[in-house]
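Residue strings, one per chain:
There are 2 protein chains.
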Amino acid sequence: MSIRIGIYGYGNLGKGVELAIGQNPDLTAVGVFTRRAPESVKTLTGLPVYFVSKMEEMQDKIDVMILCGGSATDLPKQTPYLAQYFNVVDSFDTHAKISEHLKNVHAAAVKAGKTAVISAGWDPGMFSLARLYSDAILSQGKDYTFWGKGVSQGHSDAIRRIEGVLDARQYTIPTQSAIERVRNGEDPVLSTSEKHERECYVVVADGADKARIEKEIKEMPNYFADYHTTVHFISQEELNEKHAGLPHGGSVIRSGVTGNGKNRHVIEYSLKLDSNPEFTASVLVACARAAYRLNKEGVIGGKTMLDIPPVYLSANSRETLISTLL
Amino acid sequence: MSIRIGIYGYGNLGKGVELAIGQNPDLTAVGVFTRRAPESVKTLTGLPVYFVSKMEEMQDKIDVMILCGGSATDLPKQTPYLAQYFNVVDSFDTHAKISEHLKNVHAAAVKAGKTAVISAGWDPGMFSLARLYSDAILSQGKDYTFWGKGVSQGHSDAIRRIEGVLDARQYTIPTQSAIERVRNGEDPVLSTSEKHERECYVVVADGADKARIEKEIKEMPNYFADYHTTVHFISQEELNEKHAGLPHGGSVIRSGVTGNGKNRHVIEYSLKLDSNPEFTASVLVACARAAYRLNKEGVIGGKTMLDIPPVYLSANSRETLISTLL
Chain R
-1 MSIRIGIYGY
9 GNLGKGVELA
19 IGQNPDLTAV
29 GVFTRRAPES
39 VKTLTGLPVY
49 FVSKMEEMQD
59 KIDVMILCGG
69 SATDLPKQTP
79 YLAQYFNVVD
89 SFDTHAKISE
99 HLKNVHAAAV
109 KAGKTAVISA
119 GWDPGMFSLA
129 RLYSDAILSQ
139 GKDYTFWGKG
149 VSQGHSDAIR
159 RIEGVLDARQ
169 YTIPTQSAIE
179 RVRNGEDPVL
189 STSEKHEREC
199 YVVVADGADK
209 ARIEKEIKEM
219 PNYFADYHTT
229 VHFISQEELN
239 EKHAGLPHGG
249 SVIRSGVTGN
259 GKNRHVIEYS
269 LKLDSNPEFT
279 ASVLVACARA
289 AYRLNKEGVI
299 GGKTMLDIPP
309 VYLSANSRET
319 LISTLL
Chain X
-1 MSIRIGIYGY
9 GNLGKGVELA
19 IGQNPDLTAV
29 GVFTRRAPES
39 VKTLTGLPVY
49 FVSKMEEMQD
59 KIDVMILCGG
69 SATDLPKQTP
79 YLAQYFNVVD
89 SFDTHAKISE
99 HLKNVHAAAV
109 KAGKTAVISA
119 GWDPGMFSLA
129 RLYSDAILSQ
139 GKDYTFWGKG
149 VSQGHSDAIR
159 RIEGVLDARQ
169 YTIPTQSAIE
179 RVRNGEDPVL
189 STSEKHEREC
199 YVVVADGADK
209 ARIEKEIKEM
219 PNYFADYHTT
229 VHFISQEELN
239 EKHAGLPHGG
249 SVIRSGVTGN
259 GKNRHVIEYS
269 LKLDSNPEFT
279 ASVLVACARA
289 AYRLNKEGVI
299 GGKTMLDIPP
309 VYLSANSRET
319 LISTLL
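Same order as they appear, the protein sequences are chains R and X.
Counted the way my numbering counts, the first sequence spans residues -1 to 324.
Counted the way my numbering counts, the second sequence spans residues -1 to 324.
Do not rely on the hints blindly, as some may be mistaken.
Just so you know, same-sequence chains aren't split out, so a pair can sit in one copy or run between any two.
Claimed, not checked - Result set (PhoX-like, lysine-lysine): computed pairs, CA atoms no more than 25 Å apart in a straight line: (1) K147 <-> K213; (2) K260 <-> K109; (3) K260 <-> K13; (4) K140 <-> K13; (5) K260 <-> K40; (6) K240 <-> K260; (7) K40 <-> K13; (8) K59 <-> K109; (9) K260 <-> K147; (10) K59 <-> K208; (11) K59 <-> K294; (12) K101 <-> K13.
Hints are computed from structural coordinates only; laboratory data are not their basis.
Note that the structure is predicted; figures quoted are calculated from it, not measured.
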């Protein structure tokens, strides 16, 4: 029997979830829930669209609800609320508030006998797992996270707020020389700004003062001032043509020693993603499968990817996984 | 309270386990069990050495026994036998027989109320996990395993059996052009011999026919005939000096698509290890911690790393892991 999944919120992530469900024969998409007027939303695969208030009466038709809202204001309220009715999965990524969010979601889920997986995705998510496994194995070591090459929406938005800027796209790029030092086991001390560079593609209004704009970008505190930043002025056409995607990725590298410190080992987990939201969606969908199975076995409450036995994420049976992957 | 660990077998792997336990303050090594005369074995850290028959009467002093024997003849018998008395961990790596081994170990462990983790290490082990996670996320994709650069004991032994050869060391080296094709998302079809090259360092007897030896190596079926193989003749001194270590490693790469096949993603997990046995030992030790905790919670029977909730492997509490790694 197929696992029936609801999609709550329909931006880039929700669309990614819709397409990811289509790639997994053991899952079925039931519909999209939105706060917009349902008739104004057209889904990619023709899924039905419901107003969010329809949700309660569809409890019997949905095994897991995947929440596709934002971490700032949507998920802190939505995930605990929806966990009263459904097994849920979200991608809450405000690192400093994850413990608090988990507590709230856990309380709601336990009360309702539901299973709720929070903070799924790649960071938090797969990168967190990479850190956990590497740290557990190489207890004497250091780990490093490099992000990129990828689009940072926050930094792109910050550039767009500068006077004279019409549009912008900012790429975070890991500093190759820093990566090489880590790979070589030098255990360097590196700040975030030493690990990353920032590359900006900027469209400006006719007659705008490019020198001033470039200066404002490069001196913007927190966002750019501490980083090696390059600014390219391009046309809107070129931006639309060459920078429309949302690629991202990065690496988690742990370097550590064993055997009285004589032998060094480097563990590296890296991602190169054409589409940040579609990859995140694929992780959410695998976690929805796990949430459903855990709930069937009576494992309820708030969970993270660090809690999930890996076999629960796969469409294949444990027997198949053991005989083919080990 | 510290988790008390016994080491069953004292070759390279057992020594690695002894040193790895010393790196983890929550674990204590109780002693080494050997089939040799105990007084003939000197441990690296002064651990007591017991004859294997002492094992039964030490059940109350050991929480987990780590088995450090070989997969060919030791572990198929030892792991089910010892699971009658202890929680156990082994690194059984005969891929084709893992399901059968798990069945035997599971039956013994369930009967005794013990927890038994089999096939821990890096392949099987961490590489198996990398495959599972990547496949669960990118269901439309292909995965590739590259081994090396690393020493293959089996291939080194095969060279040593050739007439006129005194000593040899064989390195398996991943073919860089094949790795690049996979990283670029070309989804190539690659045989094991297209993915790897073999480099041999050979010491021969005075007056031996080097041309014949090189030919015998390169034409040896299964081991070398299908591979691009290079042979270097060196002195015993040079072999001892430059090729004494047991480095290994490799990469598991999955390349897949999402979003109607438009967007490609590459997930890569790679290891660069100075010491194959010491790294494997570090994985075994983390699994011993997990076996102990699972058993405390009543989760008994035969398990693999694919079954273990990741948090159980770490010395840190779940709360700490969630607040620091997510």
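The hints, checked one at a time:
no., hint, result
1, K147 <-> K213, "within (23 Å within a copy, 47 Å between copies)"
2, K260 <-> K109, "neither (52 Å within a copy, 42 Å between copies)"
3, K260 <-> K13, "between (50 Å within a copy, 14 Å between copies)"
4, K140 <-> K13, "between (37 Å within a copy, 24 Å between copies)"
5, K260 <-> K40, "between (60 Å within a copy, 20 Å between copies)"
6, K240 <-> K260, "between (48 Å within a copy, 15 Å between copies)"
7, K40 <-> K13, "within (11 Å within a copy, 63 Å between copies)"
8, K59 <-> K109, "within (21 Å within a copy, 41 Å between copies)"
9, K260 <-> K147, "between (34 Å within a copy, 19 Å between copies)"
10, K59 <-> K208, "neither (56 Å within a copy, 74 Å between copies)"
11, K59 <-> K294, "within (16 Å within a copy, 38 Å between copies)"
12, K101 <-> K13, "neither (28 Å within a copy, 43 Å between copies)"
Hint compliance for this structure: hints 2, 10, 12 are broken, all remaining hints hold.
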